[in-house]
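For this one, chain A is given, so just place chain B on it according to the hints.
Number of protein chains: 2
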Amino acid sequence: MNYKIDNLQYCKWNREVFKINREANLDAVHVTVVYHEDYDEFLKRIEEWKKHFDENSDLIFHGKDYKDIEKAKKENKTSIFFGFQNCSPIEDNINLVEKVHEQGCRFMQLTYNNQSLLATGCYEKNDSGVTNFGKEVIKEMNRVGIVVDMSHSAEKSTFDAIEISEKPIAITHANPSFWYDAKRNKSKELLKALSESGGMLGLSLYPHHLLDNSNCSLENFCEMTAKVAEIMGVENIGIGSDLCLNQPDSVVEWMRNGTWTKTKNFGEGTKKNSGFPKQPEWFEDARGFYNLENGLKKTGFSENEVNGILGNNWFNFYKEINK
Amino acid sequence: MNYKIDNLQYCKWNREVFKINREANLDAVHVTVVYHEDYDEFLKRIEEWKKHFDENSDLIFHGKDYKDIEKAKKENKTSIFFGFQNCSPIEDNINLVEKVHEQGCRFMQLTYNNQSLLATGCYEKNDSGVTNFGKEVIKEMNRVGIVVDMSHSAEKSTFDAIEISEKPIAITHANPSFWYDAKRNKSKELLKALSESGGMLGLSLYPHHLLDNSNCSLENFCEMTAKVAEIMGVENIGIGSDLCLNQPDSVVEWMRNGTWTKTKNFGEGTKKNSGFPKQPEWFEDARGFYNLENGLKKTGFSENEVNGILGNNWFNFYKEINK
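Quick note, the sequences are listed as chains A and B, same order. Number 323 marks the last residue of the first sequence (this note's numbering); no jumps. Number 323 marks the last residue of the second sequence (this note's numbering); no jumps.
The following block holds chain A by itself, in its conformation from the complex:
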């Protein structure tokens, strides 16, 4: 059985997006439910998702573990897995880790760009690694079953998380820095350590993580994938598209600035180019998975390897962490 999984999307959700994901044949999508929301605000997002599930029960349902991906495949639906891009919902309280898991959280980034209470983000000048509280939280995430996601974290913090976590961790959406040296992209050494620990990298289709940005070619992206496979092994690679369909630019502004500054931080953008960037033509939405399939095959990947990258590897990871 082959599964198709996009392990990171943060769209402005509506029936149209869920339909597109079905057209792309996605059996599972890991969706970002919060960035900087605290616990109470997170509960409100969950209410919104309950409404989505009610209103679109022919297309989507709430996924809790890998069996729901199997069920989705059987029912021609997309299972939706909840994740956080920052650890804000657990506030400063270790007991909230179990609570957010009960509400469906399955992935949590320890940081989003800036320093958090758990670890350092990739936009800080110095990286002190996983903190005292962070160590306790990783232990608790391991216990309840939330994957440590270090996509927006700084390097030492990520090495620390790989070492501290007793379960494999994930970088759900990023690319290698040898290909394109963005702050958010990851070093060879880190990717190697990630794969050696059984961790996964979700390759990102977000233009700020791509060589030539919105003009990145499919061929170039697939060649990069082949190089990453040499470093990590092909079975540790998946897709985490980072698609932000329909989101207004006010959302990317909020993602970057939250409530931490009175000035304006442009993050990966610039003052002139501050909004969401234009997707590459061959990946305007999840239907780009078909282009990826062709592109990866042309690059020399076997059918089996392509199926791994487009979903089976993530499926195996979900299965492994549920053991």
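Quick caveat, the hints were computed from the structure, so don't treat them as lab data. Glycine included, C-beta positions come from ideal geometry on N, C-alpha and C. Please note that a few of the clues may not be correct.
Covered by chain B, according to a simulated footprint, are these stretches of chain A (three or more residues, beta-carbon under 8 angstroms) [to be verified]: (1) 73 to 81; (2) 90 to 100; (3) 105 to 118; (4) 122 to 128.
Chain B only, in chain A's frame:
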């Protein structure tokens, strides 16, 4: 005019304690109103203080700036200044800095032992310094008039805070590490940088910061004070006793553990000696200021210098930061 100021107490407040502080002739006390409380919990603490002010208006009132210290002296009362030992009440929101100032906050520690969103605490393994959010918050604290307090912070973070803050900062309660090498005590280099920037050190009477702990002698404490005066200049030294009168041991447990761990952290204590330590005989409560007065004189300080250490230096600092 001479003022007596204790620039850090965290007692279990009641009329008895306010009376003792009057017997000690304290014109001002900087009190810790919160450790790990969030904004809403902080507002509850404020309500409790309003009750204290109502019920003990013959002994205390809420101090907002140095003029209230002058007023307290005139009326034979103690002015109470609010401070935080952690930055929890501002959560992740820069706009709350102004809000907590409106409620009376005049001192805020950027960290309490562990990493915070603003800086690194002295119990972390690595210190990455003041964070992106921390820089913004210091700017805002400078603007509204809250003193940056680095008593529980790690060294690089404290150097950073001294450099970043446009107003002098304070270490309201700590001692030098050359005298007693506790994690909470500070290096010569740091104390020198603090005084060169116009900052203040409040010497602590908390046994875990004292040579020989509860058995520390008055003479030894005063000799240490003389050595600190050589490094910092006598005018940058005051008292921040860190008195925790009447607090049950459950409180020190909470101070150390907050909600960040499911295990038990003993902080400056040990498993066998986990509660609040016994105060030295010569400083069981604020009336120990009289013993300090005698001890400092015996050590060779002039009357003027002693008056500076026991309150005038803090008074001048309050005046300076209100300019």
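Hint check:
1. 73 to 81: violated (count 0)
2. 90 to 100: It holds: at least three residues are needed, and the region 90 to 100 of chain A offers 5 whose Cβ sits within less than 8 angstroms of chain B.
3. 105 to 118: holds (count 4)
4. 122 to 128: This one holds; 6 residues, not fewer than the three required, reach chain B with a Cβ under 8 angstroms.
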